[in-house]
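Chains as they are written, first to last, in the working numbering: chain A, 1 to 349; chain B, 1001 to 1339.
Everything labelled a hint here was simulated from the structure, so no lab data went into it.
All the given hints hold, so there is nothing to weed out.
Distance ranges between label pairs, derived from CB positions: (1) B:Val1281 - A:Leu255: 31 to 37 Å; (2) A:Ser130 - B:Glu1320: 30 to 36 Å; (3) A:Ile99 - B:Arg1255: 48 to 54 Å; (4) B:Arg1255 - A:Leu324: 48 to 54 Å; (5) A:Pro61 - B:Ala1090: 56 to 62 Å.
A few chain A residues facing chain B, derived, Cβ under 8 Å: (6) Arg131; (7) Ala134; (8) Phe205; (9) Arg208; (10) Thr242; (11) Ala246; (12) Arg248; (13) Leu338; (14) Ala342.
Using N, Cα and C, we set each Cβ at its ideal position, and we do this for glycine too.
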Amino acid sequence: MPANIVLVTGVGGELGGRLLARLGNDADLERVIGVDTSPPSRAVQQRMGHAEFVRADIRNPLIAKIITSARVDTVVHASTTCHPAGPGRRMAIKEVNVIGTMRLLAACQRSPLVRKLVVKSTAAVYGASSRSPAVLTEDSELIPASANGYAKDAVEMEGYVRGLSRRRPDITVTMARLVNVIGPDVDTVLARYFALPVVPTVLGFDARIQLLHSADALAVLERATLHDRPGVFNVGADGVLTLSQAIRRAGRVELPVPRAAMPSIGRVLRGARVVDFSSDQVRLLNFGRVVDNTRLKETFGYTPRWSTREAFDDFVQGRGLRPLVDGDRAAGLASAVLTAAATGQTTRR
Amino acid sequence: MTTSTTAQVIPLHRVRERATEPVRRAIPVEAPAPPAADEAPVLPPPDRAGSAAPSGAEDESLPAALGRLLGFLRHRLTGDYSVDEFGFDAELTETLLLPPLRVLYDKWFRVSTHGVPNLPAEGGALLVCNHSGVLPLDSVMTAVAVHDEHPAHRHLRMLGADLLFRTPVLGTLARRSGQTLACNPDAERLLRAGELVGVWPEGFKGVGKPYSARYKLQRFGRGGFVSAALRTGVPIIPCAIVGAEEIYPKLGDIRPLARLLGLPYFPVTPFFPLLGPLGTVPLPTKWHIEFGEPISTGTYEAEAEEDPMLVFNLTDQVRESIQQMLYRRLAQRRDVFRG
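Work the whole structure out from these sequences, hints included.
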């Protein structure tokens, strides 16, 4: 059944706001309502079409009233943040992630008109460790990396969503487990991380990184909203970059730090309000994580248009990151030196 | 371990063996000439200068190997290379990791390989080998053997313990060289992708076996490798490695120290820890790596891996054939160091 009246949560955020603008310009939708505690960015407000914004907290019972009075049939839960870009208050984020989700799901269960639920989740639910398989499928075990991180919140949140789909089997539930999103104009934790002039990495480890271009993330959420695609889907681009490779491509300087010193570095970066370097994040940089997107391509019917490498290069170019280390020039220099050493004379070009 | 009750006779000397199977070090004649990129050492040989460098930016008069090295360096410095989803980096493996290992392979252990035609030219296969040697040098040497002796220069994708991937530097190198965690999802994924996968099912029990238990195969795990092969329908190739079990004669084990360091064992050999770092030099034994006849798994019906009895029987069959190959090779061997 096509969606008609859509409610989007978390429109103050990066992806939520864009999704609201995209849906707001879709003439087939009768009504699009965006909900958040803070209004969407100015850019979104200017081009959000016929979408409306309601300032409401999803932890508040008011959300149930909005859902029933507006006769919402499709709920898109995009306010979950597993990788807050900047340092935020840990408890406040957990509140929105867990308690907010519970409230929202309770309201969905109550309203007989709700037919579809789209949840933006995260691939962090799989954790990252030396014991996890190299490539994770949707059926892999969910082992949160730590007992109290954002990944744990996401696992709990998914549990509540499964509970709702058990109690209301008539609701089409789509759960999209997004890998780290990157793009020229979105502010995510990895975007901030790779923008650091000196990038701390875990000494002796070179994780595999899988990324998702923000345009693809948006397209997947939009498609899940407009079409019925029940199930859990890993959403990640094709291909893999290693962390050192990504740093090299962005022209940054790598600073290997012993694993034991990582938490203190994280605290400094947090304290300086540069980037939120949670323990989940450190584990990701330590062991890396790659998910299998076969189900996304075959069952969901969407092939990411950007590969991990293209997405990263687009981010580097779009951000205008000026390379601190010019790999090309360094390679040219090295080749000149080696040539001179091998032939016994300097080359003139 | 066998299901039959009668005693089994292991033919120690294959009749035609000596005549028809010379030490197969050279690549078969009918095989196409190997691409120079894989074979050439990193340093330029003194007599071979003048061929054009592969990457255009370099000087024309440079030796090809130096040109390749510069190309490699450029790729590294600009991050312009690709790794697969397991983290395997073919360029790095061939340029940086294999050459030093090849010295160890050719000069130190003087590895002879037998039965290379048993390795499939393409498509997935599961190589199952005996494990030994305190440090898993046998797996590394098998990877070199498969890459260098196989006409298509296939890479052996090995399955390792999680301890390996927890170790700094080694864990990363393992991933870059195509290894991954020994678990069924990874094994099946590699086999489905048509890769040649190597597994050492004895695990730590095998690699840390005492000198007195050399060439006695330990328990073959829980047979997870058999169910992976059954599920993907790839053949199992038993592989016997002779010579590796004597490189570090493990006489004892300092358990408290092992526990303290979080290692599965802390070996005591005649030279280690007595001679300190010098004791970590492996003994220069002569090695033989034999690839046996493939055991087909494609003939079983679907869901065959759900039958534990079948899995156990197949596990025993593989184990038995490796043990037989080991005994046969050992009987033919005259000397540990000269083969």
